[in-house]
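Enquirer: Sequence:
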Amino acid sequence: MHSCNKKEDRIMNDNDIDRLKKLAEVYLPDERQHYFSTTLEREHERLSEIQLNTTTPRTALQLFETAKNLSLYSWFVYRFHQVAELTAFSALEVALKEKYENETLGEQSEKKQPKLTLYFLMQHAKDNEWIKNEGFPSLYSRAWSLAEDKKNSKHAQLHDFDKEPEMICEAPSKQEVDEALKELDLVSAVAENTNKIRNDLAHGSNILHSNSLSTLVLVAEVINQLYE
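In this text, residue positions in the sequence shown follow the working numbering: the first is 4, and each later residue adds one.
Incorrect hints may have been included.
Said to hold, decoys possible - Below, in silico cross-link-like pairs of lysine-lysine (DSS-like), each with a Cα-Cα straight-line distance of 30 Å or less:
(1) K177 x K199
(2) K166 x K129
(3) K177 x K154
(4) K153 x K166
(5) K24 x K129
(6) K118 x K157
(7) K115 x K135
(8) K102 x K115
(9) K129 x K100
(10) K102 x K199
(11) K118 x K129
(12) K129 x K153
(13) K102 x K154
(14) K115 x K100
(15) K157 x K177
(16) K166 x K154
(17) K166 x K185
(18) K166 x K100
(19) K129 x K115
(20) K118 x K153
(21) K135 x K185
(22) K166 x K199
(23) K135 x K118
(24) K135 x K154
(25) K153 x K102
(26) K24 x K118
No wet-lab data here; the hints were simulated from the structure.
Assemble the whole structure, with the sequences as input and the hints as a guide.
Expert: Written out as structure tokens, the structure is:
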């Protein structure tokens, strides 16, 4: 039986806590970077390619650039990945609020103003076609990845790993990618799940992964549709 009174139960490993780095180690990469085949220069290049349209509200733009810097500095502090994601979602929320307020200016004078939660704003963006599947530049690559995963998942179910420990993954055909495109409703997925992910991060999540750059790409694609 687990006991909350045992001293050892209250002690976390320093690797789990990620304590303040020693001054002499500030410029050293986080040791977890060794697991990824990338470089700081490559990460900077990829982040530099993510740009918001010039019509984006200044506050949203500032928050998003901060998110990019946090993602870059995750090279040195791995847990900055999730801080970067949370900041990017803040940029998205600001962008959505400003567009909503501009679009509905004067229309809500005699009505009770709805609570502008991230979920409400994302659903409003979806319902009013502020965002569309074809407006996501990454849609095809996401469909390709989905088709690849489906194809190799089927192969893995039939593969005898006892006889052949390694399975060669196959690239999807054009037809398989086209089928994935038909079933991939990115707008609905983003509208339904963005607030859940943001709330999880904001309320003390223990999520830890290295996908902040991918999240920033998706957030930028949404904001750029809002402010074309």
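Enquirer: Would you mind marking each hint as holding or not holding in the structure?
Expert: For each hint, the structure was consulted:
no.	hint	verdict
1	K177 x K199	33 Å, violated
2	K166 x K129	49 Å, violated
3	K177 x K154	12 Å, holds
4	K153 x K166	23 Å, holds
5	K24 x K129	43 Å, violated
6	K118 x K157	45 Å, violated
7	K115 x K135	28 Å, holds
8	K102 x K115	18 Å, holds
9	K129 x K100	14 Å, holds
10	K102 x K199	21 Å, holds
11	K118 x K129	17 Å, holds
12	K129 x K153	27 Å, holds
13	K102 x K154	40 Å, violated
14	K115 x K100	16 Å, holds
15	K157 x K177	17 Å, holds
16	K166 x K154	21 Å, holds
17	K166 x K185	37 Å, violated
18	K166 x K100	57 Å, violated
19	K129 x K115	21 Å, holds
20	K118 x K153	39 Å, violated
21	K135 x K185	14 Å, holds
22	K166 x K199	42 Å, violated
23	K135 x K118	24 Å, holds
24	K135 x K154	27 Å, holds
25	K153 x K102	37 Å, violated
26	K24 x K118	41 Å, violated
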